[in-house]
Amino acid sequence: MTSALPDPSELGQLVGKPGETLQETLHRTLLEMILFGYFERGARLYPQELSLKFGVSLTPVREALMRLATEGYIEAIPRRGFHIRTPTPKQVADLWQVRFGLEVMAGELAIGRLAAGDITLKSLGPLESIQGKLEAAPKRMSHRLHVDLNGRFHHSLVELSGNDLLISLYRSIQMQLLGAWIQRGLNSWRDRLESEGVEHHAIIAALRARDVEQYRAATRKHIDRSLQGALNDLSAQDRDGASE
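Counted the way this note's numbering counts, the sequence shown spans residues 612 to 855.
Some hints could be false.
[Said to hold, decoys possible] Here are the in silico distance ranges between beta carbons for each label pair: (1) R751 x G666: 35 to 45 Å; (2) E651 x R836: 20 to 30 Å; (3) T731 x D775: 15 to 25 Å; (4) E824 x D729: 13 to 23 Å; (5) G773 x D822: 16 to 26 Å; (6) H694 x R831: 31 to 41 Å; (7) R821 x A704: 26 to 36 Å.
[Claimed, not checked] Dumping the calculated DSBU-like pairs for lysine-lysine here, alpha-carbon to alpha-carbon at most 35 Å: (8) K733 x K832; (9) K744 x K701; (10) K733 x K628.
In short, the hints are calculated from the structure, not lab data. A quick note: this is a predicted structure, and the numbers were derived from the prediction, not measured. We put the beta carbon where it would ideally sit given N, CA and C, even for glycine.
Taking the hints into account, I'd like the entire structure generated from these sequences.
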């Protein structure tokens with residue numbers, strides 16, 4: 612499986628993908644720059660500067676920025692460009708709530724497929740392989756690699772559902788999740804590795820047992836802890852910003 616994160620060497624560069632229009636490439640590029648820390652928190656974005664940076668005309672840049680504003684990532688300020696929004700605790704909680712619903716549904720569908728014989732226990736191999744990599748060398752693991760592997764674990768879990776629409780819906784929020792994970796406290800993420808590993812193994816065990824209630828409980832525990840960590844980090848970032 613390819614990396615769940617954008618190539619760091621391409622962050623901030625306008626690199627089109629097959630089938631994308633210029634406006635779509637600008638939108639994706641700017642969203643990645645916002646979510647993955649290219650810009651400072653609360654930074655202002657000016658269409659003219661971005662037009663010069665990317666070597667494109669002003670119109671598609673404005674269109675991409677207006678789309679991002681409509682989606683809530685940035686705020687348009689009359690005659691003063693755009694301002695990057697800092698997520699509120701409610702927005703973070705809403706995102707995690709949607710994540711819980713999608714991952715529970717994915718697990719229930721996967722268990723149904725296992726029970727029906729549509730897939731076998733060998734299908735859990737990618738989950739176990741990724742978790743093995745997460746545990747292989749935690750002291751030498753970078754924050755970015757951890758976020759990438761964690762993202763791949765959860766995406767592999769959702770793929771077990773076999774439901775293309777569900778997978779697409781999860782993919783639509785995964786960039787926000789990855790962005791939230793990558794911007795979480797750089798000094799505290801290692802403290803969560805042990806709990807994360809125990810919870811991932813509990814999720815895999817529930818799938819192996821084909822036990823929906825066990826799976827739901829394991830997923831609830833995992834996502835509740837993850838949400839609390841995200842909210843704690845957001846609060847810490849706000850305190851740090853206020854003290855500067």
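Hints and how they fare:
1. R751 x G666: 35 to 45 Å: 39 Å, holds
2. E651 x R836: 20 to 30 Å: Roughly 29 Å apart at Cβ, these two residues keep to the hinted range, so it holds.
3. T731 x D775: 15 to 25 Å: Since the Cβ atoms of T731 and D775 sit about 20 Å apart, the hinted range of 15 to 25 Å holds.
4. E824 x D729: 13 to 23 Å: 21 Å, holds
5. G773 x D822: 16 to 26 Å: At 19 Å between Cβs, range holds.
6. H694 x R831: 31 to 41 Å: Roughly 35 Å apart at Cβ, these two residues keep to the hinted range, so it holds.
7. R821 x A704: 26 to 36 Å: 31 Å, holds
8. K733 x K832: Holds - the C-alpha atoms of K832 and K733 are around 25 Å apart, at most 35 Å.
9. K744 x K701: 33 Å, holds
10. K733 x K628: 33 Å, holds
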